[in-house]
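Protein chains: 2
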Amino acid sequence: MEIIEVGPRDGLQNEKRVLSTETKTDFVRRAIGAGVRRLEVAAFARPDRVPQMADAEAVLESVPRSGGVRYIALVLNARGLDRALALTHRPHEINYVVVATDEFSRRNQGVPTMESLAGFRAVAARARAEGFGVTLTVAAAFGCPFSGEVTPDRVREVVAAAGDDLDELCLADTIGVGVPRQVTALAAAVREVSSAPLRAHFHNTRNTGYANAIAAATAGFQALDASLGGIGGCPFAPAATGNIATEDLAYLLNRSGDPTGVDVTAAAAVGTWIGEQLGLPVVPAQLGRAGDFPA
Amino acid sequence: MEIIEVGPRDGLQNEKRVLSTETKTDFVRRAIGAGVRRLEVAAFARPDRVPQMADAEAVLESVPRSGGVRYIALVLNARGLDRALALTHRPHEINYVVVATDEFSRRNQGVPTMESLAGFRAVAARARAEGFGVTLTVAAAFGCPFSGEVTPDRVREVVAAAGDDLDELCLADTIGVGVPRQVTALAAAVREVSSAPLRAHFHNTRNTGYANAIAAATAGFQALDASLGGIGGCPFAPAATGNIATEDLAYLLNRSGDPTGVDVTAAAAVGTWIGEQLGLPVVPAQLGRAGDFPA
Numbered sequence: 001m002e003i004i005e006v007g008p009r010d011g012l013q014n015e016k017r018v019l020s021t022e023t024k025t026d027f028v029r030r031a032i033g034a035g036v037r038r039l040e041v042a043a044f045a046r047p048d049r050v051p052q053m054a055d056a057e058a059v060l061e062s063v064p065r066s067g068g069v070r071y072i073a074l075v076l077n078a079r080g081l082d083r084a085l086a087l088t089h090r091p092h093e094i095n096y097v098v099v100a101t102d103e104f105s106r107r108n109q110g111v112p113t114m115e116s117l118a119g120f121r122a123v124a125a126r127a128r129a130e131g132f133g134v135t136l137t138v139a140a141a142f143g144c145p146f147s148g149e150v151t152p153d154r155v156r157e158v159v160a161a162a163g164d165d166l167d168e169l170c171l172a173d174t175i176g177v178g179v180p181r182q183v184t185a186l187a188a189a190v191r192e193v194s195s196a197p198l199r200a201h202f203h204n205t206r207n208t209g210y211a212n213a214i215a216a217a218t219a220g221f222q223a224l225d226a227s228l229g230g231i232g233g234c235p236f237a238p239a240a241t242g243n244i245a246t247e248d249l250a251y252l253l254n255r256s257g258d259p260t261g262v263d264v265t266a267a268a269a270v271g272t273w274i275g276e277q278l279g280l281p282v283v284p285a286q287l288g289r290a291g292d293f294p295a
Numbered sequence: 001m002e003i004i005e006v007g008p009r010d011g012l013q014n015e016k017r018v019l020s021t022e023t024k025t026d027f028v029r030r031a032i033g034a035g036v037r038r039l040e041v042a043a044f045a046r047p048d049r050v051p052q053m054a055d056a057e058a059v060l061e062s063v064p065r066s067g068g069v070r071y072i073a074l075v076l077n078a079r080g081l082d083r084a085l086a087l088t089h090r091p092h093e094i095n096y097v098v099v100a101t102d103e104f105s106r107r108n109q110g111v112p113t114m115e116s117l118a119g120f121r122a123v124a125a126r127a128r129a130e131g132f133g134v135t136l137t138v139a140a141a142f143g144c145p146f147s148g149e150v151t152p153d154r155v156r157e158v159v160a161a162a163g164d165d166l167d168e169l170c171l172a173d174t175i176g177v178g179v180p181r182q183v184t185a186l187a188a189a190v191r192e193v194s195s196a197p198l199r200a201h202f203h204n205t206r207n208t209g210y211a212n213a214i215a216a217a218t219a220g221f222q223a224l225d226a227s228l229g230g231i232g233g234c235p236f237a238p239a240a241t242g243n244i245a246t247e248d249l250a251y252l253l254n255r256s257g258d259p260t261g262v263d264v265t266a267a268a269a270v271g272t273w274i275g276e277q278l279g280l281p282v283v284p285a286q287l288g289r290a291g292d293f294p295a
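Protein chains in written order, with full-length UniProt numbering: chain A, 1 to 295; chain B, 1 to 295.
These are calculated hints, taken from the structure and not from any lab test.
Just so it is clear, CB atoms sit at the ideal spot from N, CA and C, and this is done for glycine as well.
Among the clues, some could well be false.
What the hints assert, rightly or not - Pairwise CB distance ranges (calculated):
| # | chain 1 | residue 1 | chain 2 | residue 2 | range |
| --- | --- | --- | --- | --- | --- |
| 1 | A | Glu22 | B | Glu192 | 52 to 60 Å |
| 2 | A | Gly131 | B | Ala295 | 54 to 62 Å |
| 3 | A | Glu192 | B | Glu22 | 56 to 64 Å |
| 4 | B | Gly220 | A | Ser20 | 19 to 27 Å |
| 5 | A | Ala161 | B | Ala295 | 39 to 47 Å |
| 6 | A | Pro145 | B | Arg46 | 44 to 52 Å |
| 7 | B | Pro64 | A | Glu192 | 46 to 54 Å |
| 8 | B | Arg181 | A | Glu22 | 38 to 46 Å |
| 9 | A | Thr265 | B | Asp82 | 44 to 52 Å |
| 10 | A | Thr218 | B | Gln222 | 19 to 27 Å |
| 11 | A | Arg17 | B | Glu192 | 52 to 60 Å |
Based on the provided sequences and hints, a complete structural model is requested.
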């Protein structure tokens with residue numbers, strides 16, 4: 001299983017304290033030192049809406065480029081792709097988000113899902129022509145904060161309308177409500193209409209994230225998003241986690257006979273370090289406190 | 001799946017603040033109100049070693065007796081059974097613990113594992129003759145803090161020596177190191193030598209507890225221990241969890257099509273309440289913060 005470190009993007013984006021470009025670059029360097037080889041490090045969002053991502057260009061220009069490490073930038077629209085193209089050091093991949101439900105899509109992106117997919121198809125074709133890897137993320141695939149349950153049929157319909165310009169399909173449990181049997185059902189549903197490699201994005205909001213990760217490994221997903229320290233929770237609710245934690249996921253998978261290439265002890269140290277940078281009294285990841293086993 | 005509420009025993013036992021008998025009884029009453037029907041409410045341990053359990057008799061005499069609710073008391077030796085027998089209102093069941101590794105068994109109970117099993121056989125025969133249900137818990141079945149890895153062969157050997165005077169076999173991940181494939185392997189190993197219904201006891205120390213719970217459901221375990229609020233972590237490490245949380249486990253299983261009879265929202269309220277009684281700034285359970293889904 002490949003762990004994609006999304007702490008520098010989804011993790012930081014949901015934390016209150018805004019870090020300097022230097023600290024973010026240091027975070028990326030430390031993550032690579034712990035064994036991560038694919039990282040989502042920036043989002044091309046509006047700086048007034050997502051202040052933590054205002055230095056997206058500066059981060060991408062300054063992160064180390066070597067050793068087969070691949071960088072991903074989140075792109076929400078054509079303007080985001082323009083920003084990626086304008087860089088001296090471009091990301092290797094873009095991750096484009098559409099939301100599974102019309103209600104959430106309208107609130108988040110101003111248009112219903114199918115309109116948002118038209119935007120994806122246009123950006124994806126251009127991105128691939130420019131040599132970027134392209135991931136489509138289907139957000140709220142496991143449940144929506146506004147319209148409730150999301151069915152596998154709906155997610156299949158969304159994926160079927162995505163076209164062929166994609167290298168990876170990511171199913172995201174954006175609000176952390178999913179359970180393992182949904183992972184299995186969603187994988188089966190999207191495979192009816194797409195042969196793209198599957199990636200999943202879990203939040204541990206209701207303590208189901210790691211069980212979902214095991215289900216994803218069993219269902220043939222090839223990559224899982226995670227953040228060092230498990231950062232990304234709401235800053236006002238201590239230990240209310242965001243993403244599943246890289247170090248805890250690596251412990252779970254490494255000991256399950258599914259090696260991730262991530263060194264658990266090294267990753268736990270980075271998790272503790274990023275918690276300190278963010279002023280968190282405690283990070284959601286457990287490995288930094290509990291230690292690896294056997295010691 | 002049956003959830004056994006162990007907050008009043010294993011949960012409280014590992015918390016710093018000692019609660020009054022009245023508060024413990026209130027805790028039990030609230031747990032029953034949330035839908036739990038089987039609870040471990042006391043341990044017959046030495047009061048100087050486990051101050052939180054010093055009022056074991058008083059708790060058992062005062063908890064409500066009705067509606068098919070069954071109470072369990074932890075018993076460590078013949079003296080513990082004597083204490084259970086001396087009560088006006090006895091527990092329905094006893095849970096006797098042996099430790100899978102000699103090193104941990106010697107430190108915890110003064111004798112190696114096989115000697116401890118001789119003690120179990122004697123107490124179990126007497127307990128069953130007196131009408132108690134008898135559970136044997138094999139502690140450190142997933143790993144030992146002193147001798148490291150514990151093999152399924154070792155656990156099978158322990159269970160094979162336990163005799164036939166037991167109604168249930170509980171495999172405990174005492175230090176929270178286990179992963180799902182161990183759950184599957186241990187179930188297969190002990191089934192070679194015992195046909196007793198299986199129960200599991202998971203700690204979420206390294207964020208593997210809920211994934212292990214799903215593996216246990218798949219492997220045919222019939223009962224899972226959990227504590228409301230997920231209380232029972234080390235009091236000096238905030239949010240370093242002890243047991244998996246009743247409300248979060250109920251969310252996971254109820255939504256997985258494996259109804260537990262526990263009302264998630266009611267259980268989450270009790271989890272928050274017991275955290276307040278213990279002076280915890282935050283409980284490890286997530287449902288009290290995140291809320292049920294769909295809302």
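Hints, verified against the model:
Look at Glu22 of chain A against Glu192 of chain B: about 58 Å separates their beta carbons, and that is inside 52 to 60 Å. Between Gly131 of chain A and Ala295 of chain B the C-beta distance comes to about 44 Å, which lies outside the given range of 54 to 62 Å. At about 58 Å, the CB distance of Glu192 of chain A to Glu22 of chain B agrees with the hint of 56 to 64 Å. Between Gly220 of chain B and Ser20 of chain A, the C-beta spacing of about 53 Å breaks the proposed range 19 to 27 Å.
The beta-carbon spacing between Ala161 of chain A and Ala295 of chain B, approximately 29 Å, falls outside the hinted interval of 39 to 47 Å. Judged by the Cβ atoms, the range 44 to 52 Å given for Pro145 of chain A and Arg46 of chain B holds: they are separated by roughly 51 Å. About 52 Å separates the C-beta atoms of Pro64 of chain B and Glu192 of chain A, a value consistent with the hinted range of 46 to 54 Å. Restraint check, Arg181 of chain B to Glu22 of chain A: a C-beta distance of roughly 42 Å satisfies the suggested window 38 to 46 Å.
Thr265 of chain A and Asp82 of chain B have their C-beta atoms about 47 Å apart, which keeps the hinted 44 to 52 Å range intact. The supplied range of 19 to 27 Å is met by Thr218 of chain A and Gln222 of chain B, whose beta-carbon atoms lie about 23 Å from each other. About 54 Å separates the C-beta atoms of Arg17 of chain A and Glu192 of chain B, a value consistent with the hinted range of 52 to 60 Å.
In terms of the numbered hints stated before, the structure departs from hints 2, 4 and 5, listed from lowest to highest.
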